[in-house]
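There are 4 protein chains.
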Amino acid sequence: MSHPHTPPFRVAISTGGGDAPGLNAVIRAAVLSALHRGWECYGIRDGFAGILAPKDYPNGGVIHLTRDTVRGVTSQGGTIIGTTNRGHPMRYPTVGPDGKIYERDRLDELVNGLAAYGIDALVSIGGDGSMEIAAALARKGVRVIGVPKTIDNDLDGTVSTFGFDTAVAFATDCLDRLLSTAQAHQRVLVVEVMGRYAGWIALHAGIAGSAHAILIPEIPFDIQKVAEKIQRREADGRYFSIVVVAEGAKPSGGSVSVIANEAGRERLGGVGDKVAHALQELTGRETRLVVLGHLLRGGSPTTFDRLLALRFGAAAIRAIDEGQSGIMVALNPPIVNYVPLDEATSRMKTVPIDCDTILTARDMGISFGNE
Amino acid sequence: MSHPHTPPFRVAISTGGGDAPGLNAVIRAAVLSALHRGWECYGIRDGFAGILAPKDYPNGGVIHLTRDTVRGVTSQGGTIIGTTNRGHPMRYPTVGPDGKIYERDRLDELVNGLAAYGIDALVSIGGDGSMEIAAALARKGVRVIGVPKTIDNDLDGTVSTFGFDTAVAFATDCLDRLLSTAQAHQRVLVVEVMGRYAGWIALHAGIAGSAHAILIPEIPFDIQKVAEKIQRREADGRYFSIVVVAEGAKPSGGSVSVIANEAGRERLGGVGDKVAHALQELTGRETRLVVLGHLLRGGSPTTFDRLLALRFGAAAIRAIDEGQSGIMVALNPPIVNYVPLDEATSRMKTVPIDCDTILTARDMGISFGNE
Amino acid sequence: MSHPHTPPFRVAISTGGGDAPGLNAVIRAAVLSALHRGWECYGIRDGFAGILAPKDYPNGGVIHLTRDTVRGVTSQGGTIIGTTNRGHPMRYPTVGPDGKIYERDRLDELVNGLAAYGIDALVSIGGDGSMEIAAALARKGVRVIGVPKTIDNDLDGTVSTFGFDTAVAFATDCLDRLLSTAQAHQRVLVVEVMGRYAGWIALHAGIAGSAHAILIPEIPFDIQKVAEKIQRREADGRYFSIVVVAEGAKPSGGSVSVIANEAGRERLGGVGDKVAHALQELTGRETRLVVLGHLLRGGSPTTFDRLLALRFGAAAIRAIDEGQSGIMVALNPPIVNYVPLDEATSRMKTVPIDCDTILTARDMGISFGNE
Amino acid sequence: MSHPHTPPFRVAISTGGGDAPGLNAVIRAAVLSALHRGWECYGIRDGFAGILAPKDYPNGGVIHLTRDTVRGVTSQGGTIIGTTNRGHPMRYPTVGPDGKIYERDRLDELVNGLAAYGIDALVSIGGDGSMEIAAALARKGVRVIGVPKTIDNDLDGTVSTFGFDTAVAFATDCLDRLLSTAQAHQRVLVVEVMGRYAGWIALHAGIAGSAHAILIPEIPFDIQKVAEKIQRREADGRYFSIVVVAEGAKPSGGSVSVIANEAGRERLGGVGDKVAHALQELTGRETRLVVLGHLLRGGSPTTFDRLLALRFGAAAIRAIDEGQSGIMVALNPPIVNYVPLDEATSRMKTVPIDCDTILTARDMGISFGNE
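Protein chains in written order, with the numbering used here: chain X, 1 to 371; chain D, 1 to 371; chain B, 1 to 371; chain Z, 1 to 371.
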């Protein structure tokens, strides 16, 4: 790759943050769409580390992405160009002269690095952090398009993000498996899923997987109410229950004490662990915790997520071709549209507590632990 | 079930037309939602045959639907109350005095039959035909809510229908399986999928499953162009190709002759058979046909379809509770809304030929056989 | 069900112990095979509780099993007749006059209960405990056939048991999902699977799912060796590793101390928790624990398990028809044969440490933590 | 790759014949096992074409197989080194001086080609043809180990072959999907699966997928008996049936006439097409044909097949290390053993008509069309 900037037009792609099913599909569609326009495509290795930490990459910090490079990756989990948690370019950890670690803004280095590689435009795939970097790069004059990535589905600017459907589908599969066992063993099973700020995964998987109670950040729960739900089921002859808990679920005032008393149990399982312990105490029924955690982050994307990711990848290149910059592609069914990067991450999309999905759950007798 | 109409409020449910993954989930959510309101629920057997052909049902043409009846059915294909192609109530086949079969309007009998069972409201789940019946019943004063069902996704009133995601997911799974074999055997594989009037399944599965050409009703194809796509691939060293064909795909003027010459081949495989035969002739490469057909109609719904179906079922009962009638529930992401039944089926939703999904496919180098 | 014993011949079926995918398939094949011979079939509810605790079953402690009862259950997890951990009939927990709980031998009551229901033969599906009860019943003159059930695959009398393939398949699916995430996050993931006495699940899933180390009860591990394996991978540029741990894996003498020092961490995660903590300490790399536990016990059986379970169910009825009693059906590929119940559970089938599967793993560079 | 033969020891791998899930897993285990011994590994491209047709491979007819080359391929369908139907080395199609195509024995060229590449041993993965070539090479002094491949499971020398479990699992999945639709549409569905000489796939999938009749090559069928089975079901109120047909199933004398009369229908669907047509005529019920064909050949292997393929791949290298040659690795549960190549393919393994799996099917009321 010769450094002086000559045609053809060059697009760089970067994937940042945690794993999400569909990253490779975004890359594939972007690469094929760029090649289709006669452009060249390069992947920056491990987020922006390929540029910011060049000495770690003796074979080069960017990968030339060709038709062959992206063959067959649509259905593969992970990202072929790597991602990283090593450091946010605007707050990059650096050892100071005193040996302590300081944060340093390396954005200008990143801008210069992109220029040195002759990059004409950047497709930045990632979450909040990546969108923040993209917005800052755009303000510095880099032509950049963001592609949103969060399996939590908690981004306000887009109706869906890839990876979410895969996470919900696998969580539902797990609930299906646990149901017969809960019944056979006459147990209460508490299943903790991702969702620190929004309860989308817990809500969707809980309904589809026939959970009996669903605890989400948007609806503070009273552990007594949850226990009562289980007891009502037992009175009705059903000696088993499944409680789905989002990792960000929080008890309302009244129920804190029961849970908080469990000293020493706060380390591993988070809220799921506390809920499981409290329910066993309150109901007297053997209670087990299953933490799905990392199982929901990876794997082969569902068809829905494959298609969404491919559409996002192609739309990012199309946006560049249209002269766009500083925007994020978003799904606003049935169309893909553009959202200014500055607005894109300014608000979270939490579960509206009166949405029809919540109403569906309530009508089906599912408890949210608050009534 | 005593016939004189006394409280509690009684809801009947009917499923009409062909199989679609998610029917049982609609039923389950509707039943639980009705019970939650203190109502009773009854399923009419085999479409409306349970009422119109009572002597075929010695044990009764309606089934009392309880919490136990709908336990565990969310993930099951088919419909626990049966469906039927036996006869449209407004054009019911009847043997006349001359022994010939005539069509007879039995709508009044249906209205009376519902009244005789003390039914206060009807949830009619089905396709065009069922919505037409529902609209007619509403005009006769029956309180009726429609729930749309078409795995072809071709209904204009709603952004999605349950069953479609399942069909696309399975078709994509099949394409995944066929890809390595096409490559190993160096063959052209033509894969025919459902879609008589709209190419949604072919388009979505074709993109997600990495097809090389996709033929849909909305874009008339020139078989020569499809053959050229395959030949360009061969010139590039790829001695295999996958062509996805919607059953309603049609050749444009110029290519009719090549296909039409194949006398005697029109019986079984429809357009897929013709395309496969013509491609083998035009490219000289061994070509095989795989018809997915019925494989796409049934089976356990995906999580996406489960949730959509559950939301529709609960929304139908909620609509009754709100005093609605003559409407169809519909998805308008992120909400479920109501559409007048008369409008619901008046227009088809075909693939807009300039939608971003088509653009995505073109950018990825997929041919639609027209250029 | 009339109590005086009259023809036709009556078979009772009982399922005991924990959940295992395939129980319903055994029941279905047994019921259809019995009906095929003109016999009747009854399911005892919840292990033997339907007979020993009749007052808990106001509608009867046994269920008449018909063609309709078993329709469609082949693919369903759980057991339609229930299982129980309530009490082993030979050591049944009973409240004594002093209010304390004593164990009581209620085997004669069980024999009499079966006779009172007019049962001519019993098919007892379950693990060690159920086979012990079956053997004791046979000695008391009951005609009884055992069907082995253990997803751990640790029963010496049979080459395979149903449920094992399902457990291995799902554990492998989980490893597939975790692999891309481990790589993206540059983490060590410790995955604990079932296997208290035998490492079959860990071994098979670990190899099929490309784990880097597998710790099983049969090969005591040295945690230092496991850490060295991870460090060798890092030296080779692979900053992630997956370690599969059977719940019964044990450290060899030398490594106990490292693990045992972690006071207070022994509660939840068992050996997996200890291994994860020790590896983080030894390698300095962030380490996460995923406990699959109950996820492996339930769910829809794989095709392999369906077929094996159906063969077992039919074989049990065939054995009764041949006049057998006191035997367990077993798989000795390609045939199903009979094993005396007394011998059936006398020895465990652990992983032979020089079997070709272990050799395969070693040749592929997988560490067992002992060299 | 330098031609003069110097250490290290060099193993070549070849995959021949049709696609089968698990080929890549064999390759991966063989490569890792060879590297583990300090050997080098090379893949011959497209069967033996990489050596016999060198001018088609400007970049070389063999691929150096490294740890990186085989990363992540365990779960991938197809074969990374290609397979071919281009020509059997002992009967290679060659254009003669008269322009006609003759078969020529190019075995010596193959022996010399392997020597020229410095190959010390060959692992030949494939079906009958590949084993015949391997045996001939062994007789010429090449050190060669065969790895059997047939998804039909019809090889006598081994209890299982990889790919079979995947084919059966997918066929069963298809039957699951078709069942609810057959019921909803009140149809007879005929499902044709692979199995030219042996009915293993039809038998196993048919039982696991709850088919009502199964037609296999080993049991000549009377189409009248099949129709009677369908009619008995209708008399019992079940207006749908599923008939699984192996492509090699044959009518017995009495039923030939009914099927043979269907002139012009013999082209596409083979026996399935004839059976479907005859059943519609005999039963008067609408009958549809689904041909699974190529869908069963490819795709990601099941965990069972992954493990079997990995064991075979490692065993092949172990056999070389032990000084073996002229043998095929085989599964004789629970061990992998060696079978002389000359014996390996001499007999087919067909379904014994009195095996317990057939008895299971009969006891469950499944018809084989012969009684």
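No lab work stands behind these hints: they were computed from the structure.
Treat the hints loosely; a few may be bogus.
Facing chain Z, from chain D, some residues (calculated, C-beta under 10 Å) [what the hints assert, rightly or not]:
#, residue
1, 15
2, 79
3, 88
4, 90
5, 92
6, 94
7, 95
8, 97
9, 101
10, 136
11, 184
12, 292
13, 346
14, 348
Estimated spans, in silico, between C-beta atoms of each pair [what the hints assert, rightly or not]:
#, chain 1, residue 1, chain 2, residue 2, range
15, B, 352, D, 228, 27 to 35 Å
16, X, 335, D, 37, 46 to 54 Å
17, D, 343, Z, 362, 30 to 38 Å
18, X, 108, Z, 72, 35 to 43 Å
19, Z, 86, X, 67, 23 to 31 Å
20, B, 86, X, 252, 54 to 62 Å
21, X, 238, B, 333, 39 to 47 Å
22, Z, 72, D, 335, 36 to 44 Å
23, Z, 196, D, 97, 54 to 62 Å
24, B, 352, X, 365, 33 to 41 Å
25, Z, 362, B, 352, 30 to 38 Å
Keep in mind that this is a model prediction, so the values were computed, not measured.
Backbone N, C-alpha and C define an ideal beta-carbon position, used for all residues, glycine too.
Hints, verified against the model:
{"no.": "1", "hint": "15", "in the structure": "holds, 9 Å"}
{"no.": "2", "hint": "79", "in the structure": "holds, 7 Å"}
{"no.": "3", "hint": "88", "in the structure": "violated, 16 Å"}
{"no.": "4", "hint": "90", "in the structure": "violated, 21 Å"}
{"no.": "5", "hint": "92", "in the structure": "violated, 17 Å"}
{"no.": "6", "hint": "94", "in the structure": "violated, 19 Å"}
{"no.": "7", "hint": "95", "in the structure": "violated, 17 Å"}
{"no.": "8", "hint": "97", "in the structure": "violated, 25 Å"}
{"no.": "9", "hint": "101", "in the structure": "violated, 16 Å"}
{"no.": "10", "hint": "136", "in the structure": "violated, 23 Å"}
{"no.": "11", "hint": "184", "in the structure": "holds, 4 Å"}
{"no.": "12", "hint": "292", "in the structure": "holds, 9 Å"}
{"no.": "13", "hint": "346", "in the structure": "violated, 26 Å"}
{"no.": "14", "hint": "348", "in the structure": "violated, 23 Å"}
{"no.": "15", "hint": "B/352 to D/228: 27 to 35 Å", "in the structure": "violated, 59 Å"}
{"no.": "16", "hint": "X/335 to D/37: 46 to 54 Å", "in the structure": "violated, 37 Å"}
{"no.": "17", "hint": "D/343 to Z/362: 30 to 38 Å", "in the structure": "violated, 56 Å"}
{"no.": "18", "hint": "X/108 to Z/72: 35 to 43 Å", "in the structure": "holds, 38 Å"}
{"no.": "19", "hint": "Z/86 to X/67: 23 to 31 Å", "in the structure": "holds, 25 Å"}
{"no.": "20", "hint": "B/86 to X/252: 54 to 62 Å", "in the structure": "violated, 36 Å"}
{"no.": "21", "hint": "X/238 to B/333: 39 to 47 Å", "in the structure": "holds, 40 Å"}
{"no.": "22", "hint": "Z/72 to D/335: 36 to 44 Å", "in the structure": "holds, 41 Å"}
{"no.": "23", "hint": "Z/196 to D/97: 54 to 62 Å", "in the structure": "holds, 55 Å"}
{"no.": "24", "hint": "B/352 to X/365: 33 to 41 Å", "in the structure": "violated, 51 Å"}
{"no.": "25", "hint": "Z/362 to B/352: 30 to 38 Å", "in the structure": "holds, 37 Å"}
Checked against the numbered hints above, the structure breaks hints 3, 4, 5, 6, 7, 8, 9, 10, 13, 14, 15, 16, 17, 20, 24 and satisfies the rest.
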